[in-house]
Amino acid sequence: MNPTPTLPETTPTTGAPERADLRPESIDDAVIRLAGNSQDGIQSAGAFLARLAGRSDQEVMTYMTIPATISGGPSIFQVRMGTGEVLSAGDEADFLVAFYQHSYQDHIDFLKEGGVLLYDSDNVEPNLDDRRFVYVGVPITGLTVEALGGTAKDKGKNIFVLGLISKIFQLDVEKLTMLIKEKFAGKDESIVNTAIMAFTAGYAYPVGNVLARRYQFETVAKKPGAPAQITMDGNQALAYGLIAAGVRYGAGYPITPWSSVMEILRRELPKYGGLFVQAEDELAAVSITLGFSYSGYLAVTGSAGPGISLKTEAIGWASMAEIPILIINVQRGGPSTGLPTNVEQSDLFQAIYGGHGDSPRVVLAASTVEDCFYIAIEAARIARKYSTPVFILSDSSLATRIEAFDEPDLANLMIEPHPDLTPRAAGFKPYALDRITQHAPPGTPMADGKYPLITGLEHDEMGHPTGSPKLHMGMTAKRRSKLQKLAAELPLPEIFGDQEGDVLLVGWGSTYGPIHDAAKRARSVGEKIGAIHLRHVHPLPEGLEKIFSKFKRIVVVEMNDQGIYGFGQLATILRARYCEPKIQSVTKTDGLTFRVKEILGHVFEGKTFPGRRGARNGSAGETVTVPIDPTTAAATEHAEAEVSAAADQSGDNTPTKLGSEAAEASAGTNETRPDSAQTEPSASREV
Amino acid sequence: MSDTLTIAEPAAPQREKLTKKAITADHPTWCPGCGDFAVLACYYKVLEKRQSEHEKIVTLAGIGCSSRFPYFVNGHGAHFIHGRAVPLASGISLARPDLHVFLFGGDGDGFSIGGNHLDHGARKNVNLTYVIMDNFVYGLTKKQTSPTSPIGFKSKTDPQGAIDQPVNAMKKLVASGATFVARTHASQVNHMIQMIERAMDHQGFSVIECLSECVEFFPGAFDPANPRKGGSFEVIQEKKYDNTPEDELRHDVTDELAAYKLAQLPFPGVFGVFYQNDRPTKNALEKKWIDSTREKLGQPSDLQLLQKTFDRMK
Chain A
295 MNPTPTLPET TPTTGAPERA DLRPESIDDA VIRLAGNSQD GIQSAGAFLA
345 RLAGRSDQEV MTYMTIPATI SGGPSIFQVR MGTGEVLSAG DEADFLVAFY
395 QHSYQDHIDF LKEGGVLLYD SDNVEPNLDD RRFVYVGVPI TGLTVEALGG
445 TAKDKGKNIF VLGLISKIFQ LDVEKLTMLI KEKFAGKDES IVNTAIMAFT
495 AGYAYPVGNV LARRYQFETV AKKPGAPAQI TMDGNQALAY GLIAAGVRYG
545 AGYPITPWSS VMEILRRELP KYGGLFVQAE DELAAVSITL GFSYSGYLAV
595 TGSAGPGISL KTEAIGWASM AEIPILIINV QRGGPSTGLP TNVEQSDLFQ
645 AIYGGHGDSP RVVLAASTVE DCFYIAIEAA RIARKYSTPV FILSDSSLAT
695 RIEAFDEPDL ANLMIEPHPD LTPRAAGFKP YALDRITQHA PPGTPMADGK
745 YPLITGLEHD EMGHPTGSPK LHMGMTAKRR SKLQKLAAEL PLPEIFGDQE
795 GDVLLVGWGS TYGPIHDAAK RARSVGEKIG AIHLRHVHPL PEGLEKIFSK
845 FKRIVVVEMN DQGIYGFGQL ATILRARYCE PKIQSVTKTD GLTFRVKEIL
895 GHVFEGKTFP GRRGARNGSA GETVTVPIDP TTAAATEHAE AEVSAAADQS
945 GDNTPTKLGS EAAEASAGTN ETRPDSAQTE PSASREV
Chain B
42 MSDTLTIAEP AAPQREKLTK KAITADHPTW CPGCGDFAVL ACYYKVLEKR
92 QSEHEKIVTL AGIGCSSRFP YFVNGHGAHF IHGRAVPLAS GISLARPDLH
142 VFLFGGDGDG FSIGGNHLDH GARKNVNLTY VIMDNFVYGL TKKQTSPTSP
192 IGFKSKTDPQ GAIDQPVNAM KKLVASGATF VARTHASQVN HMIQMIERAM
242 DHQGFSVIEC LSECVEFFPG AFDPANPRKG GSFEVIQEKK YDNTPEDELR
292 HDVTDELAAY KLAQLPFPGV FGVFYQNDRP TKNALEKKWI DSTREKLGQP
342 SDLQLLQKTF DRMK
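Top to bottom, those sequences are chains A and B. Numbering (the numbering used here) for the first sequence: 295 to 981. Numbering (the numbering used here) for the second sequence: 42 to 355.
Chain A on its own, in the form it takes in the complex (with noise of 0.2 Å):
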């Protein structure tokens, strides 16, 4: 094997004058799809994408559907860069990668008009005749085995790929090769070689033989002093988020997609010397974590709904004996097992109304995988002031998709946890009725000798049990009253777009990006429109009705159920609390997420609006129809279905419970962790 090989040339050389078809075309933004099956690597081959846009200081999102399989099933990767604001991961792909015929026939519809399907040409027989498409046809497998030679196999196509696309997008070759290095850094220096050569043989194919056509990304020049693009999916937002809060302590148990925060979080605490265990059940997950944060250190549990539901006996106990606690929830299609790898909302309820008991506890949502960093710092400081659980809704889209945002000004936010065992002056009291109280870690020495006892049935304020009922009255109170303090400190969400005007969108949760696309579309149509994202759900900030009051319809969108009234979680919340009979619900449950055009599908019935980019590079506008009931909306939805489809029979066909369960975690293992930070099983696969 050439133990170093030659990297290819940044810019294509070309004997000849360049013709001017051949002339790179300026986009400032593209959609790519890759499909394949799981174990080919495509999420890495999009993750380096993704990095490599977040290093340019271009926007990205990504997209992608994981089997519920540990190896194999249909698989996508779906990256949106531009050089503008990135807000959702895109209805329609401008370029397709299909690896196998299933992958060509499940996603040709998501190709949009003009797009250009490229297909591995060993494997993939596309219907030419279909004229609406590109077609660049590339013996992939086989040239992948020839540039690896044999011990290889075929492993190795996603950065033959990763070489082809860096071609027609004119992407930053040496960027892209340094981040191939920094992921298989550490390994045996054959695997990189590997993978530099695959990546070499895809740059180097003559792709302008077959695909006329270039495109270059339009470049921002880098506002000095501007900070640098970091790029991580949202679980692992929320983990150093936690770290960052000075969160030290956790406990959990494996459940998809909630696993991987856990598992950053039992590699990276005992660095910073605190812990994380991996408990023997959700039950015992949330007691040791209780067991932390009544010790002095708040700590965090998680996991997703099933989880949820078996410790939220535990969480009741927080609330009545004060405790603050940390629980995130990566939400997944419920009820019961669900769909393990599918995105829902529907467990916001759950959030906050789970258990028995008047249990009050603070429930915020992340909106971006930027938002999962600093709510774990809000969601630490909330608990920590108030006493009290506070619950962090993300979700399985959030999880796995990968986003560059800012970098955090870590020296500001960073906080050292230190237990306060400072000696409690003599009258103090656990549970003193007139105030928020934190409690006394043990080891903590109380002056007059009186020590406090934690308890989780209704007490006085030293903790002694009571049924008195006035006391059970005024410590109801307390508790409730801790959250309408709150309330009275939460910023009102800014409002996007039109400041007043016909229709109002309402979202929380990982609904931001399409919700705000949406929005942003159907005002540049002339619609006045505005949207708000609720970060806060409950409790939900003061003065929501003084925004509400500026707009003739208010639409809640979010993937849930309608109910049997014909409203979804945060719609029904919004009515009962406000009383308003304006306030309209959008609701989905297909398992899949937002798209913006079902968006103004709904809002909107019969109503047209323009692409994407309607009118790129002065081309006829191509306009999207709105499909205009749940019925058309399922059929332009026909291809994520399938994949989805596919996710779940493979996930039915684990024996068991515990098999099935098992099976989710390495899937995630697998197929959710892409960058470089993780220590990565399959490297000498993927090469």
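Note that these hints are calculated values from the structure, not bench results. There may be inaccurate statements among the hints.
Some chain B residues flagged as far from chain A (calculated, every beta-carbon gap over 10 Å) [unchecked claim]: (1) Leu81; (2) Arg137; (3) Val230; (4) His232; (5) Lys280; (6) Glu297; (7) Asn318; (8) Pro321; (9) Leu338; (10) Met354.
FRET-style restraints, in silico, Cβ to Cβ [what the hints assert, rightly or not]: (11) B:Glu275 - A:Ala771: 53 to 59 Å; (12) B:Lys329 - A:Gly431: 52 to 58 Å; (13) A:Asn421 - B:Lys355: 41 to 47 Å; (14) B:Lys349 - A:Glu788: 31 to 37 Å; (15) A:His758 - B:Gln244: 54 to 60 Å; (16) B:Gly74 - A:His766: 29 to 35 Å; (17) B:Lys62 - A:Tyr872: 54 to 60 Å; (18) B:Gly272 - A:Asp742: 44 to 50 Å; (19) A:Thr716 - B:Thr70: 30 to 36 Å; (20) A:Asp742 - B:Ser273: 27 to 33 Å; (21) A:Asn706 - B:Phe78: 52 to 58 Å; (22) A:Asp466 - B:Ser342: 29 to 35 Å; (23) B:Ser342 - A:Ala782: 31 to 37 Å; (24) B:Thr182 - A:Asp742: 33 to 39 Å.
Bear in mind the structure is a predicted one, so any value in this text is a computation, not a measurement. By construction, the Cβ of each residue, glycine as well, lies at the ideal position given by its N, Cα and C atoms.
Knowing the structure of chain A, use the given hints to seat chain B on it.
Quick look at chain B alone, frame taken from chain A:
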């Protein structure tokens, strides 16, 4: 906010003596004659004898009659939910090596609803002391069958007599990996104090099953092991390693199979230490990992560490 506050100053050199009065709180709400009174009295005695720092004693419990225990002790403590006191105590023990973590509960809490946690706390060998006050019946809910009720025991849920095989506490604890397993009787105060002290001195997951009579719902249950009621309290003779022929017959507490044999004896069986070994605790193993990791990294500050991680993601 806790992150801005500091750790306590070192304790004053002149510390007041820890008296029984100082550690006594509310008057117990147990029924007169309940065996749990004796367990509480022994706990007071041990704390007084050991003169532990008052603020470092933590008394924890789940749910049940016996789990009311922390209310009767004036010290830091928590009354948790049913069956989950072992994981709660594990979190406290793992985060705070400076504390003495004691856990009290009943047979329902330990062997039924919390049975899985008992197994895993034992397997992980978390450093804490757990006294299971076993009365063979659910008392707080007024006489239902418990996981240790003998076959034939008539309760409100088994009016024809219990039919399910009861848990053999000693076998379960040895099998699950507890590193100190002992058995005592609430009527044998000196023996109980001895067992609690040895459990407290043991590094690891130490469990004592204490037969503690429920005079209301299962009176006389443990008379066969109470000499004052005509029974016999047979104490395990442990090896003294004195090279005498008698020593051959004595019990080797590190011999797991011998412990099972003792556990096999018919009720009321024998009392004392069934099993003990020095397997490293989870506390020690985690600390070793933390220390070696931090040493390898050169003891960086939290900020340096996180910044380095973020630099890799640029």
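Problem set entry | Numbers of unmet hints, in rising order | Those not satisfied are hints 2, 9, 10, 15, 20.
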